[in-house]
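J.: Could you build all of it, start to finish, from the sequences and the hints given here?
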Amino acid sequence: MKLIVGLGNPDRQYQGTRHNVGFLVLAELARRHGQSRPKAKFHGELVEAAVGSEKAMLLGPMTYMNRSGLSVQEASSFYKLPLEDLLVVCDDLNLPLAKLRLRSGGSSGGQKGLEDIIRRLGTEEFARLRVGIGAAPEGVDAADYVLSKFSKKETSEMEGAIASAADAAVCWATRGINDAMNQYN
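Numbering (this note's numbering), first residue to last: 51 to 235.
Read the hints as simulated data drawn from the structure, not as lab findings. Certain hints may be false.
[Claimed, not checked] DEER-style ranges, computed between Cβ atoms:
1) Ser206 x Met51: 19 to 25 Å
2) Arg81 x Asp61: 19 to 25 Å
3) Asn228 x Ala186: 28 to 34 Å
4) Ala185 x Gln85: 37 to 43 Å
5) Glu188 x Tyr129: 29 to 35 Å
Cβ atoms here follow ideal geometry from the backbone N, Cα and C, with glycine treated the same way.
T.: This is the structure in structure tokens:
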């Protein structure tokens with residue numbers, strides 16, 4: 051079984067913001083592969099899915115970005131998942147808009163949700179799929195920028211990136227991290 055986690059913030063005011071890209075990718079995966087309605091579990095929303103021949107759990111932590119590790123830790127402990135069966139999808143303001151970067155491990159790169167997951171799990175050794183949201187414009191605070199909404203032009207570009215990120219997550223689940231990195235990086 052695979053656990054795919056999409057990071058974001060739960061309140062309505064955050065819908066459509068740059069920081070909620072992980073939720074958008076998770077919603078696309080649920081639309082394509084979901085087999086259940088979302089259930090409240092592990093301080094998040096959980097959807098059962100079939101991704102190819104793999105059973106997958108799609109988890110959207112409802113803890114706010116900076117406490118995402120609580121939800122991920124609870125789910126991975128409950129399912130007794132090895133770390134190679136965990137993929138975290140999140141935004142990255144260090145990547146150009148709509149660019150994908152898949153890695154098998156590494157630092158948080160300043161992404162607060164990843165930072166908390168690393169702290170809670172006690173390791174950096176889990177796959178992560180970063181979706182570029184572009185850098186904050188000069189003079190704009192990064193915290194304000196990640197909580198801003200995409201422009202109309204950016205929204206159309208991001209729709210393609212979200213679909214590609216969902217494809218990359220499926221590739222990771224069915225063919226492994228190396229194939230997914232070769233195809234989507």
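J.: Taking the hints in turn, state whether each one holds.
T.: Results for each hint:
1. At roughly 35 Å, the beta carbons of serine 206 and methionine 51 sit outside the given window of 19 to 25 Å.
2. Between arginine 81 and aspartate 61 the beta carbons are some 22 Å apart, a value that agrees with the proposed interval 19 to 25 Å.
3. Taken as a hint, the range 28 to 34 Å holds for the pair asparagine 228 and alanine 186, whose Cβ atoms sit roughly 33 Å apart.
4. In this structure the hint that alanine 185 and glutamine 85 lie 37 to 43 Å apart at CB holds, the actual value being about 38 Å.
5. At about 44 Å, the CB distance of glutamate 188 to tyrosine 129 disagrees with the hint of 29 to 35 Å.
Checked against the numbered hints listed earlier, the structure breaks hints 1, 5; every other hint is satisfied.
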